[in-house]
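Residue numbers (my numbering), protein chains in the order written: chain A, 1 to 565; chain B, 1 to 771; chain C, 1 to 100.
Treat the hints with care, as some may be off.
If you want a taste of the chain B side facing chain A, the calculated C-beta under 7 angstroms gives, among others [to be verified]:
| no. | residue |
| --- | --- |
| 1 | P554 |
| 2 | S737 |
| 3 | M759 |
| 4 | V766 |
If you're looking for bench data, these hints aren't it; they were derived computationally from the structure.
A virtual CB, placed ideally from N, CA and C, is assigned to each residue, including glycine.
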Amino acid sequence: MSSIISDMDPATAQLILPELLMLGGIIAMILVPNFGDATMRIPLTKIRIPFLIGGTRFATTNNPKLPNQIATTTLALAFMTSLLFLSEEGDVGNLLHVDEFSRMFALVFSAALLLASLATTVRLPARPKASAPLDTDSTVISDAKVNALIDNRRQVDFHILLLTTGLGMSLMAMATNLFMLFVCLELASLSSYILVAFHKENDVGGEAGTKYFIVGSVVSAIGIYGMSLLYLWNGNLDMTDLAASWDAMEGMDPLATIGVGLMLVAFGFKVGAAPFHLAVPDAYAGASSPVAGVLATASKAMGFVALIRLLLVVTMPSEGQAFWFLALSIIAVVTMTWGNLAALTSDNPKRVLAYSSVAHAGYMLAALAATGSGLADSDTSALIVTAVVFHLVVLVLFKLGAFLILSMLEAEGRGHRMEDLHGMGRRDPVIAASMFVFMLSLAGVPPLSGFLSKLLMINGIVNVSAGSGSASASTALSWAQGVDPVFWLAAAIVLNSALSLFYYLRIVLVMFFESPATEKPLKRAPSLRMAIIACAVLTLLFGIGPLSNSLLDMVGSAVDSFMGS
Amino acid sequence: MSDTKNEWGLLVPIIPFLLVVPYLKFLAGWESVEAAFLIVVVPLLTFPVILVLGQLYNGNETWKNRYKEGGIFGLGALALALSIAIWIIYDYIVGSAHFEAHSVVDPFSWLTFDVIEQSGTQWEVSTGFADIGVGVWIDSVTLMLLFVATFLCFLICWFSLGYMNTDKINEDSNHRFYGEFVLFAIGMFGMVLADNFLWLFIFWEIMGLCSYLLIGFYYWKESAAYAAKKAFLTTRVGDVFLMVGLLILYDIYGSLEFAVIFEDPSTGVGGALVDSGELFWALLMLFIGAVGKSAQFPLHVWLPDAMEGPTPVSALIHAATMVNAGLYLVVRMVPFVDVHVNGVAGLENFALIVAWIGGITAFMAAAIAFVQNDIKKVLAYSTMSQLAYIFTGLGAGLLFLNIGEHHAGYFVIGASMFHLFNHAMAKGMLFMASGSVIHEVHHAHDHVRELSEKYSTNEGDDHGDFDPQDMRIMGGLAARMPVTATAMMFGSMSIIGIPLIGGFWSKEGIIAETWKACLAEEPLMFVPALLVLATAGMTGFYMTRMWLMTFAGPPKSEVVGHVHEATPWIKEPLIVLSIITAIGGFALALFGAAEYLGDPEYDHLSFHGILDTLEHAFLPEDINLRLVGWTTILIAMVIGPVMASRIHGGRLIDGVEASPLVSWLVNLSSRFGSQDVSELADSQLAEALRRRLYFDDLYEMTLAKTAVPLAELSAWFDKNIIDGVIKQIESNSSTGSLQVRRITTGSARDYILMAAVGMLSIFALVWGVSA
Amino acid sequence: MIEASWIVGLGVILFSIGLLGAFTRKNAIVVLMCIEVMLNAANLNFVAGASHYSDVDGWVFTAIAIAIAAAEVAIGLAILLSLYSTQETISLDEANILRN
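The shape of chain A in the complex, shown without the other chains (with noise of 0.2 angstroms):
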């Protein structure tokens, strides 16, 4: 094993030029709220030089919202590097590759995490029990308490976390090792542990934390007590050579199964399957929305990464259906139905839009499931998985757009009531006009991206299942009992999907028909409000027309990239 350190010419730095931003960011992030007019005896000398570390800190580097400039620059220079490089290609050592596939996830990750910074802009309060400004203070009142309140520290904290979540997510998504790879889904995971107990201000946040972070911790003990045995299986975790010998492999050898299962329970987890998905809205309805925002994107596209790895590269057999078809199969149909049926009666928006994005990863898990179907060739695979990434995609614009809006709400204590939801036509008609966007694009409508991503997963599942159908209705209940399992999956995302249309337009019907407790209209927050307009003319282009034909392009050889290595 080669260490990376030697390797490191200009051309690898280049490859992996996002990451190493992230680091510098986080290096700079410890350093720069630090400086301070310290200064330094020369030994044997009387002469003082400044030391910058320490002593009282100077007002730029004591500035609140330093941190957070540090974070979103940093994310914002890591997103234009991934786009930049989008097409360069090339190992890093021997456990990582970096392709166009893993560029493309650093994409996702860091546009969300990047999001989520600017939501988090100005309103994170020092101390646990910090109140937030109230309706009655005057602006004078409520800036003093907001710069009383905000301490440079906590924003210091919080803004690491975010990078190093997003560090260990890209990095995640280069892995070629799986051990490798579980390294950086920890580093991710175990940030994002902390992300979700951070909402201090919140009664439950310490209480979101515990479960998410227990839960999550013991999934992943069991994910990495399972790629153990696939240690001992293989006796390396390279996954070219797991694949290798898992085609080379006779019959179902024990070891590895249950291995790679032990794993999909981790990775379900990650996703929000069913049943592993249970702390989930909890973690969203306790985590502040941002945090529950990147959750619901970036972290769960991280976890489809590790899925599509694991299944699609290491376990996928040469010819004839996947040990875990059925097994995916049922876990996709429960999944999407557990969710939408929870959502229906859900009270709590961020709970709704947690259980919304639990059965979105339940379409997703279908469309992966069909690829294992047997009936799949590597191009109708290809295309599901490229519909499962544009999905992962889009779902950053108006999954996170819907909980930037949220957090707006927050921002002033609500959000956590669909009451706060109340009359937002009229109080702020740009923001109910964006949320009503995302609302569509969750539920499926054309011509948003919601729908071309479901689509086009549609599409793909059905294409996989193609030839199969009843001609006339007198063969159409014999037809029905011999009809390839795919085909339910799509019947059931089809379903699910207009079970769903009750709670996002639930909704939408109390923004615009229910009056509202006070007319006041939302906090300005600039950079947020341009944030969440941004996520909602992007969802709309990327439904139609040009640009969503040019992103299908770039996930679509992105994909080919991943698929042909």
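Add chains B and C to chain A, keeping to what the hints say.
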């Protein structure tokens, strides 16, 4: 109320609109045809502006007084449309634009569907599945209709500034009026310019929508809401057939583009010969659509009720837009039947159907118009009747063309289009004039009521019973409203066909050629020929009756004494149109308008000479035609008006003066003696006519017997079965939802347990499957 | 020399104990310990694999896994503190404001 101050200064905002054409022509160097799409696009951009500004500034004084609640913007957009139309017409007539059968301009593709195509892993969102480009198709018929539509829309919009904005009842809702008005105009402009049947249909439907909105403008009035529904549903019946017709056409030709279809109507998709039977059905379906739009028998019932809308709307529907759409569609069918160039033979039956429908409607509508006392209703039936003339003419023309007599065919089709022009101008003016009458009578009534309220405590005079459209309370208005009386006089003369004035030139041609078709070619044409001839006399009667009841004789109520012709914006369109009606027909006849409009080979207007023209009209060489012509003139000019004068004629009361021509006519009307027709008015026939020959009752009864029970049944089905199922699903899902949410207990232990159980079940499942 | 399979067997037992403990114990700290036990079961497997295949990777994995476990405990205790500071309990059953 009677605000006489000069408001012309308000027109300043429309100047930029008027500068567009000079800019495009002289600075940007556009061809007129290139600018044609602006006729649709500019109003299309204007109408949302009017609606949005109207919502924002509703009630604002500046908005109300300076911008007339959006009317000025509407006027500007229509002025632009008119100026472009005139530019195009100028170019074509003086020949600087090369006159071809059509010109197609495709400024940009308006509607493209993105279709996802997928091949392997490549995704492509491509256009091309149903790329419906929009082009502009211009030929002589388009030019004429374009002029009629833009010119009348402009004038009617102008008129509305006076009519709508001075009425309390319209206050703060006029932006709605102007918005819908402009959209209506867009519908007509777009339909006329469209270069394929699909766009034609789309704009056609826009008009249908706007007719609904505008007829129901006073939606709080039950009768208006009913009339709007009736108009919409009745025309929808035709539209469904029209759609079927378009589908058949698409089946035959594989395209709906004019350019493709008219290239060679005798060969269909893939070079197959077109079967005249199939084409017959396509054309018949299209014709039924036209019948619905142009309010012909048996889909005519909506038109009289459509008078519930404000009077400018009536003018718009009757003269400028809606009813002409049906005629336009029939004219578009000419290439299908014209065997002289690539037409399909064997469609005589279709032509006969068109002519018969026209003849029947003409006669029936004229008969019903005899007994109407509502000034606008008389005009409504007159519209039906006059449109029916045009249909009859078109029917005769299609017949000639289909049997190879293309000269006669082109002539009568040209005459029909010419009649469309004359009728549109006259009818637009008549409606505006009647609007003027109604408006002033209404205001006078308000004035009288104010007085009576001031001087007495008696409140017996209930405003609700007063109908300002009822001719029985008018009479003698000639003295009070000189401009309106003169305008209405010219309009009526044009509609009647008094020699040398407007409609005479075209109507003569239609009747003569219909008789020619009957005598020379097809005995079955006898019925329509006879009916249109009789109708000429009946037209003379009811139009004269209307004019006399309104303007001649002694005043029939005290209201008349308070009428003033004082509202701004109303007179100008009347004067302009009076001039056009009075001499426009003759002028165009001198230049051979009928030939120009009908004959594709007749490519420019040319001066014929007065004597030639007169000789052609009054002394045709064919002795039969000469007979028919003089009979028409006799009954239309003499018998009908004289009979009307005997019943309704009379001098003005002493001491009031009218303009010379009008007072001469009024006095003339009193010379024929008088006749009491009360017996006849009570007869069963009159009653039947008053009930509109029971068509409405018949339709309503049929609907009550068939559609209503069916609707009730499906409502029941919807409420109990479908809603029941949905409610069941909803309650089941809610219960399921609560159950599912109960599993999320909140305890992390349970979550781990569930995960473990899930994990084990997966293993059990996988093991079970593989074992 | 102990056979690798014995070590793996011990791992299975440890893993089962850990998993059982994770959903039977209420005290969050005990659950944290159970998680450690499960991680150690995995570590045993890595060690057994490393010795079986004479592969150094397994040792490295073990070392890193132990580091991860340590980080996890540190984070876990911090989160539990935050739970305790708001709800004054570390019982997983009692911390259930968030549910349904």
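_Restraint satisfaction for P554/B [CB to CB of chain A, less than 7 angstroms]_ = Nearest chain A Cβ about 61 angstroms off; hint violated.
*Supplied contact hint for S737/B, tested at 7 angstroms Cβ to chain A*: Holds: closest Cβ of chain A sits about 4 angstroms from S737/B, inside 7 angstroms.
*Does the nearest C-beta of chain A fall within a distance shorter than 7 angstroms of the C-beta of M759/B?*
With Cβ-Cβ at 5 angstroms, under 7 angstroms, it holds.
*Verify the interface restraint on V766/B: the C-beta must sit less than 7 angstroms from at least one C-beta of chain A.*
This interface hint holds because 6 angstroms falls under the 7 angstroms limit.
Comparing the model with each earlier hint shows a violation of hint 1 alone; every other hint is respected.
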